[in-house]
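Peer 1: Residues 5 to 530 (my numbering) are what the sequence shown spells out, left to right.
Quick caveat, the hints were computed from the structure, so don't treat them as lab data.
Quick caveat: nothing in here was measured; it's all calculated off a predicted structure.
Some clues are possibly wrong.
Cut-off 27 Å, straight-line C-alpha distance, at most; resulting in silico cross-link-like pairs (DSSO-like, lysine-lysine) [to be verified]:
id, residue 1, residue 2
1, Lys42, Lys346
2, Lys59, Lys111
3, Lys134, Lys389
4, Lys304, Lys66
5, Lys301, Lys111
6, Lys389, Lys111
7, Lys42, Lys65
8, Lys238, Lys66
9, Lys134, Lys24
10, Lys389, Lys304
11, Lys285, Lys65
12, Lys194, Lys92
13, Lys55, Lys24
14, Lys346, Lys160
15, Lys134, Lys285
16, Lys196, Lys92
17, Lys51, Lys111
The calculated label-pair distances, taken between Cβ atoms and stated as ranges, are [what the hints assert, rightly or not]:
id, residue 1, residue 2, range
18, Asp56, Asn76, 23 to 33 Å
19, His185, Val494, 43 to 53 Å
20, Asn76, Ile278, 45 to 55 Å
21, Asp56, Asn230, 33 to 43 Å
22, Val233, Glu64, 46 to 56 Å
23, Glu439, Asn230, 46 to 56 Å
Heads up, the beta-carbon is just placed ideally off N, CA and C, and yes, glycines get one too.
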Amino acid sequence: MLDPDSGLSLTIARIVQRLKGSSLHSQLERQARVSLHKPEIKLESLKEDIKDFLKTSGWEKKLQNAVYSELNVFPSPCHPAAPPEHMKEPLAYMRKAQGSWEKRILKSLNSMCTELSIPLAQKRPVNEQKELLNKWNEMGTDEPDLSLFRPVYAPKDFLEVLMNLRNPNYENGEQPSFRSHLGLIQVPLKVKDIPELKEDFSELGLNIGQLGIDDSAQVPPEFFENEHVRVGQKVLAEQDSAAAQQYVRQGCPTALRADLWALILNISNQPEDILYYEQLKSNVIQHDLLVDSLIYKDVKLTASNDDYYFVFEDYLYQVLLCFSRDTSVLEHFTYSSATPPKSYIRGKLGMEEYAVFYPPNGVIPFHGFSMYVAPLCFLYHEPSKLYQIFREMYVRFFFRLHSISSHPSGIVSLCLLFETLLQTHLPQLFYHLREIGAQPLRISFKWMVRAFSGYLATDQLLLLWDRILGYNSLEILAVLAAAVFAFRAVNLMEVTSLAAAEAVLADLSTLKVMPLLQIFLFATVT
5 MLDPDSGLSL TIARIVQRLK GSSLHSQLER QARVSLHKPE IKLESLKEDI
55 KDFLKTSGWE KKLQNAVYSE LNVFPSPCHP AAPPEHMKEP LAYMRKAQGS
105 WEKRILKSLN SMCTELSIPL AQKRPVNEQK ELLNKWNEMG TDEPDLSLFR
155 PVYAPKDFLE VLMNLRNPNY ENGEQPSFRS HLGLIQVPLK VKDIPELKED
205 FSELGLNIGQ LGIDDSAQVP PEFFENEHVR VGQKVLAEQD SAAAQQYVRQ
255 GCPTALRADL WALILNISNQ PEDILYYEQL KSNVIQHDLL VDSLIYKDVK
305 LTASNDDYYF VFEDYLYQVL LCFSRDTSVL EHFTYSSATP PKSYIRGKLG
355 MEEYAVFYPP NGVIPFHGFS MYVAPLCFLY HEPSKLYQIF REMYVRFFFR
405 LHSISSHPSG IVSLCLLFET LLQTHLPQLF YHLREIGAQP LRISFKWMVR
455 AFSGYLATDQ LLLLWDRILG YNSLEILAVL AAAVFAFRAV NLMEVTSLAA
505 AEAVLADLST LKVMPLLQIF LFATVT
């Protein structure tokens, strides 16, 4: 175990090291040099005077936000003696399972490549480059023949893998306490109970004002909303990421949401960010990747058929094609259980010096991947900013929904939390559904993998994602999934098959997220 002082020293050293290579570091240096010419900077108190200047000119706040962002994204440092893979995933059997799953994905991708005789990557002919550049803002009008392409995998394939996960240390010695878990997930991970969740999500309490609640016994909704907007404007004026994160736990006013999310994610869309996005766009124009067709196919199968999101088809292509080329995304693999796939230049198989990551960002899209981007299109209309927000949301949260790990926000823990909450607080419903062959997780898994995108009405989804950002956790997805089952419990007790249960839960678009969460967490008898 790492003692607190050593842990703090390691964290500080890591943050300093990371910020040294950032554009913020060079901007701070430039501003410090500029300040030397100011009359209020005295040689005898140079250090303090420069500090004061950076504070009054707002640069100290930018540095604080950058540090806060690093603390939110990167896990606490491991013990110096721990091997590097422990930072990715501490449990060996989880690492092994993730490795096996990656091999299956690559096998599926390679077999498609062979069947269709399409290379993984090739340079586009000049005339094709010009054509793509001309229709960059209207790619949705293009109708390429994608009939032969299939998604590399769908959420239900991933669920089958998670259902077969086992901790080898538990196989010989039966543990009655854990074996009493009747769900599909059979790994012994620590998940929170309702009292712990109440404490963690205390701001969602029944006596605390919330956006997304139409009536409250404590405060008239219009009074709370007006005051909440005023506080939100003040938080934005202060430009404080930590304050913004605390603020959104009670929901974001619609007019302030885009700016508040950008502040929490520390996205400012500087000229160099716009230039970086243009470089990614240039890479898309120049090279054709096999994953481009997977992205096209996914958008056509999901967002294009969605009543809320079909209008954003062009944005989705732009963001996802650029995302596939973005090598900065590779950095998240230092704290993800996943490993980016490698490809070798033809004829050089197995020779590491000829290896490249494929796709360049290391992420192979699956069925429904484009739904991580779609809701963000309601908030951001400038492509480079939309892109940066999505990329940051992905490397903070969404990658955990399609990789096997023991992290509390990882999909395995979310599944176990969902099943445990149902089994503990709605045992009759859980047992009934299990007996008729309608295990609840078979229905709720797709909701959680997509963070409910495409299932909830957009205004409700954004209220849910407010809380994901506010609590820096995905656990609320499992709580909401359990709350949906609790809400429809009476109807579900009458069904006699999986198909009937799915029919009862087929349409979530009329649900109000916040009342469901509040009632389940704070009105459940524990």
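Peer 1: Please go over all the hints and tell whether each is borne out by the structure.
Peer 2: How the hints compare with the structure:
1. Lys42 to Lys346: Violated. Lys42 to Lys346 sits at ~53 Å, over the 27 Å cutoff.
2. Lys59 to Lys111: Distance of about 54 Å is beyond 27 Å: violated.
3. Lys134 to Lys389: holds, 25 Å
4. Lys304 to Lys66: With a Cα-Cα distance of about 40 Å, the restraint between Lys304 and Lys66 is violated, given a limit of 27 Å.
5. Lys301 to Lys111: Cα-Cα ~19 Å, so holds.
6. Lys389 to Lys111: Violated, because 35 Å separates the two Cα atoms, which is more than 27 Å.
7. Lys42 to Lys65: holds, 21 Å
8. Lys238 to Lys66: Holds - the C-alpha atoms of Lys66 and Lys238 are around 17 Å apart, at most 27 Å.
9. Lys134 to Lys24: violated, 39 Å
10. Lys389 to Lys304: Distance of about 23 Å is within 27 Å: holds.
11. Lys285 to Lys65: violated, 32 Å
12. Lys194 to Lys92: Holds - the C-alpha atoms of Lys92 and Lys194 are around 18 Å apart, at most 27 Å.
13. Lys55 to Lys24: Holds, because 18 Å separates the two Cα atoms, which is no more than 27 Å.
14. Lys346 to Lys160: holds, 25 Å
15. Lys134 to Lys285: Judged against 27 Å, a Cα distance of about 13 Å means the pair holds.
16. Lys196 to Lys92: Status holds; Cα separation ~22 Å.
17. Lys51 to Lys111: violated, 58 Å
18. Asp56 to Asn76: 23 to 33 Å: holds, 28 Å
19. His185 to Val494: 43 to 53 Å: violated, 25 Å
20. Asn76 to Ile278: 45 to 55 Å: violated, 24 Å
21. Asp56 to Asn230: 33 to 43 Å: holds, 37 Å
22. Val233 to Glu64: 46 to 56 Å: Violated - the Cβ-Cβ distance for Val233 and Glu64, about 27 Å, lies outside 46 to 56 Å.
23. Glu439 to Asn230: 46 to 56 Å: Holds, since Glu439 and Asn230 (Cβ atoms, about 51 Å apart) stay within the stated range.
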